[in-house]
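The primary structure of each chain is shown beneath.
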Amino acid sequence: MIENNSSTTANTCKDLLALQIGGDIIALEETNGTLFATVAPDSLHGFLAKIRDNQVLKFDLLVDIAGVDTLLLTPALPDRFQVVYILLSTVFNHRLCVKVNLGAENPSVPSICGLYKIANWLERETFDQFGIIFAGHPNLKRLLNFKNFVGHPLRKDYPIDKRQGFPESEDLLDELKTKLARLNRPIDSVKITGCTNETDAAMDDNVPFIVNIGPAHPIVHGILRLLTAVEGETIIALVPEIGYLHRGVEKSIENSNWHQVVPYTDRLNYASPMMNNIGYCKAVEKMLGITISERNALYRIVFCELARIMDHLLCSGPHLIDLGALTPFWYLFQIRENIYDIMEKISGARLTYSCVRIGAFPYPFYDAFFDDVETVIKKLAPVIDEVRRLVERNRIFFDRCVDIGKISTADALAYGFTGPCLRATGYAYDLRKAQPYYGYDTLDFDVVVGTNGDTYDRFFVRIYEIIESAKIIRQAIKRLKELPPDPPAAEGAKKTKGFKKVAPPTGAVYDATEAANGELGFYIVSDGSAKPYRMKVRSPSLCNYSAIEQLAEGAMIADLVSIIGSLNIIGGEIDR
Amino acid sequence: MGIETAFGQSWITARIDDVVNWGRANSPWPYVFGTACCAIEFMSTAASHFDISRFGAENIRWTPRQADMLIVAGTISYKQAPVLKRIYEQMCEPKWVIAVGACACSGGFYNNYCTVQGISEIVPVDIFVPGCPPRAEAIFDAVIKLQKKISKESVLDRK
Numbered sequence: 121m122i123e124n125n126s127s128t129t130a131n132t133c134k135d136l137l138a139l140q141i142g143g144d145i146i147a148l149e150e151t152n153g154t155l156f157a158t159v160a161p162d163s164l165h166g167f168l169a170k171i172r173d174n175q176v177l178k179f180d181l182l183v184d185i186a187g188v189d190t191l192l193l194t195p196a197l198p199d200r201f202q203v204v205y206i207l208l209s210t211v212f213n214h215r216l217c218v219k220v221n222l223g224a225e226n227p228s229v230p231s232i233c234g235l236y237k238i239a240n241w242l243e244r245e246t247f248d249q250f251g252i253i254f255a256g257h258p259n260l261k262r263l264l265n266f267k268n269f270v271g272h273p274l275r276k277d278y279p280i281d282k283r284q285g286f287p288e289s290e291d292l293l294d295e296l297k298t299k300l301a302r303l304n305r306p307i308d309s310v311k312i313t314g315c316t317n318e319t320d321a322a323m324d325d326n327v328p329f330i331v332n333i334g335p336a337h338p339i340v341h342g343i344l345r346l347l348t349a350v351e352g353e354t355i356i357a358l359v360p361e362i363g364y365l366h367r368g369v370e371k372s373i374e375n376s377n378w379h380q381v382v383p384y385t386d387r388l389n390y391a392s393p394m395m396n397n398i399g400y401c402k403a404v405e406k407m408l409g410i411t412i413s414e415r416n417a418l419y420r421i422v423f424c425e426l427a428r429i430m431d432h433l434l435c436s437g438p439h440l441i442d443l444g445a446l447t448p449f450w451y452l453f454q455i456r457e458n459i460y461d462i463m464e465k466i467s468g469a470r471l472t473y474s475c476v477r478i479g480a481f482p483y484p485f486y487d488a489f490f491d492d493v494e495t496v497i498k499k500l501a502p503v504i505d506e507v508r509r510l511v512e513r514n515r516i517f518f519d520r521c522v523d524i525g526k527i528s529t530a531d532a533l534a535y536g537f538t539g540p541c542l543r544a545t546g547y548a549y550d551l552r553k554a555q556p557y558y559g560y561d562t563l564d565f566d567v568v569v570g571t572n573g574d575t576y577d578r579f580f581v582r583i584y585e586i587i588e589s590a591k592i593i594r595q596a597i598k599r600l601k602e603l604p605p606d607p608p609a610a611e612g613a614k615k616t617k618g619f620k621k622v623a624p625p626t627g628a629v630y631d632a633t634e635a636a637n638g639e640l641g642f643y644i645v646s647d648g649s650a651k652p653y654r655m656k657v658r659s660p661s662l663c664n665y666s667a668i669e670q671l672a673e674g675a676m677i678a679d680l681v682s683i684i685g686s687l688n689i690i691g692g693e694i695d696r
Numbered sequence: 028m029g030i031e032t033a034f035g036q037s038w039i040t041a042r043i044d045d046v047v048n049w050g051r052a053n054s055p056w057p058y059v060f061g062t063a064c065c066a067i068e069f070m071s072t073a074a075s076h077f078d079i080s081r082f083g084a085e086n087i088r089w090t091p092r093q094a095d096m097l098i099v100a101g102t103i104s105y106k107q108a109p110v111l112k113r114i115y116e117q118m119c120e121p122k123w124v125i126a127v128g129a130c131a132c133s134g135g136f137y138n139n140y141c142t143v144q145g146i147s148e149i150v151p152v153d154i155f156v157p158g159c160p161p162r163a164e165a166i167f168d169a170v171i172k173l174q175k176k177i178s179k180e181s182v183l184d185r186k
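Just so you know, the protein sequences line up as chains A and B, in that order. Be aware that the first sequence starts at 121, since it is given in the working numbering, and climbs by one per residue. Be aware that the second sequence starts at 28, since it is given in the working numbering, and climbs by one per residue.
Just so you know, these hints were derived from the structure itself, not from any lab. Just so you know, these numbers come straight off a predicted model, no measurement behind them. Glycine included, C-beta positions come from ideal geometry on N, C-alpha and C.
With a cut-off of at most 25 Å between alpha-carbon atoms, the simulated SDA-like pairs for lysine to any residue come out as follows: (1) A:651 x B:159; (2) A:651 x B:134; (3) A:134 x A:534; (4) A:299 x A:356; (5) A:282 x B:109; (6) A:651 x A:153; (7) A:465 x B:75; (8) A:267 x B:134; (9) B:175 x B:82; (10) A:498 x B:76; (11) A:499 x B:76; (12) A:267 x B:116; (13) B:112 x A:339; (14) A:499 x B:77; (15) B:172 x B:151; (16) B:112 x A:286; (17) A:465 x B:168; (18) A:282 x B:145.
Some chain A residues well away from chain B (every beta-carbon gap over 12 Å; in silico): (19) 149; (20) 230; (21) 415.
Go ahead and model the full structure; you've got the sequences and the hints to work with.
And the structure:
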């Protein structure tokens with residue numbers, strides 16, 4: 121049986137919290153292995169600052185901010201809204217959810233942008249979806265929905281199918297104006313191209329001008345928009361806009377039952393769907409108190425690592441295409457195609473499998489599964505080798521990647537980086553090692569780290585992680601083969617046909633897995649019914665992309681291509 | 028050893044429709060408006076295993092002004108919709124639209140406040156491809172169906 125060891129760390133963390141910073145906490149409770157501390161809105165900022173800087177707590181990573189509208193909960197709560205700050209200490213490996221209760225009238229809470237840089241976007245998202253005001257936020261605008269959207273869609277009194285027609289386009293000039301003012305560059309001195317015939321003049325005079333990139337530009341993968349002010353080819357200011365693929369996943373999930381959520385998770389990070397399925401099921405299992413069998417756990421490891429390989433292949437290939445290297449893409453994609461074949465034999469689908477169920481897998485896998493996986497793994501090494509030889513010492517690749525989009529570990533943590541992007545800065549944090557699940561701690565593999573935190577490192581962390589994943593799969597398969605067959609079901613045991621009804625007990629849980637892009641987490645609130653009351657997806661892409669301003673300002677436009685490629689932006693995950 | 032050696036310096040007579048449509052049908056230049064999962068499946072379609080160039084549609088353009096086949100692969104949200112419409116308007120005639128996947132066809136299972144329930148609300152669609160996401164073969168099928176459709180057109184249709 122695979123035990124989840126997070127409860128022990130939570131206990132010590134609970135004691136430490138009470139001991140160190142007892143005063144601010146109204147209530148401290150542990151449900152489903154998740155530690156919740158309730159604080160008053162006024163003391164929130166001070167409390168978070170204390171636990172961030174406290175030497176024995178050190179909550180250095182703000183994982184997510186989840187809003188909850190408790191309107192339909194029974195029994196009714198005195199305060200309508202909750203804002204939950206999910207924190208992680210990467211040093212001591214403990215987690216904490218800080219809960220703030222807010223009334224229905226003008227819900228307002230102090231902004232924590234000054235403490236964690238990622239809070240900027242997460243607060244904007246919560247404002248957008250719930251209408252909660254973050255006092256002191258420098259730019260409290262909608263993040264996912266369009267500007268003239270009326271109402272807040274994740275409030276329980278917003279009907280799911282209330283559509284609002286087509287948006288006005290947002291020029292983003294107001295944000296750019298503030299940024300340029302900070303650089304002592306008033307907007308009047310900047311030429312706006314595209315609507316005048318002064319483009320050439322602007323070039324000659326070396327006057328900064330404005331270039332809009334996206335959302336239909338090939339480098340931004342159809343879903344991002346960037347407004348840049350450039351001087352020559354250097355970006356002096358940049359304003360990102362996201363939300364073009366916001367498809368209301370979280371609202372739809374609230375209207376589906378627990379099993380129907382699985383297909384929605386497939387389409388979050390569609391480069392590695394299986395991993396999302398597993399992440400979601402693991403969170404619900406934690407809520408239900410289910411421990412899965414060793415066989416299932418090992419199978420899940422195999423699928424997770426296959427998905428990681430798929431994701432890294434898909435990130436690396438198009439990244440190289442964006443830089444002008446088409447050949448490696450064909451090599452890399454062929455392996456993906458081989459993995460598709462295996463997954464198709466299992467689930468019938470090539471990309472969106474949905475073949476993980478809460479508690480187990482729905483059916484036994486075909487006989488030659490292990491042989492097929494081993495064949496793919498064998499093919500993998502020469503391909504990776506070939507691609508490495510094509511780019512590793514390639515002058516052009518060097519010039520486009522080394523020292524481009526550099527970020528320090530401290531900044532990366534402030535922006536909520538996890539996964540390969542964090543490891544590229546030289547910080548060896550991997551949930552598979554730090555908070556092992558499914559028995560990852562018993563497998564032999566290395567955490568790949570970079571040194572510089574630049575685009576080159578991010579690329580190669582992914583490439584070498586593919587090799588590590590292959591190592592894990594080999595060991596997991598070896599162990600699966602050695603497992604004794606399951607004992608036959610006892611006489612008279614009831615066999616469930618179709619889906620078993622799932623209704624986790626009332627409460628909330630946060631659970632995370634190490635997905636291909638970083639920490640993929642699910643904050644789930646259950647009211648004991650057949651549908652999730654609220655589910656917040658912690659998306660690694662969103663956090664990684666939130667640093668784009670810092671990464672790209674001062675770089676050239678061509679570098680932007682390289683930076684976005686190396687961050688691996690997956691629209692379904694970033695916008696949900 | 029092409030057709031020219033067999034015929035020498037001779038004449039061929041044909042209807043102008045046939046000649047034009049033959050050219051148009053066999054080299055549709057796609058602009059891939061890929062937003063979501065279906066775009067990943069389109070990558071498969073374009074990659075070496077399936078190879079869309081067998082149907083003359085491998086010349087993927089990154090600007091709508093050079094393309095004549097708009098492939099909408101992925102969910103279109105209301106925020107994205109004006110962008111799609113503008114892309115369509117920027118394309119030169121003649122132009123055709125393929126809606127790839129359940130989301131582009133009907134909104135798929137995103138029946139909610141922010142998803143357009145089918146791109147036919149915004150742009151005229153020639154071929155709908157079902158699937159979530161459709162397999163590469165389904166996209167080929169759409170291209171072949173479009174080729175058949177093109178070959179039945181008349182140059183006088185788009186005066």
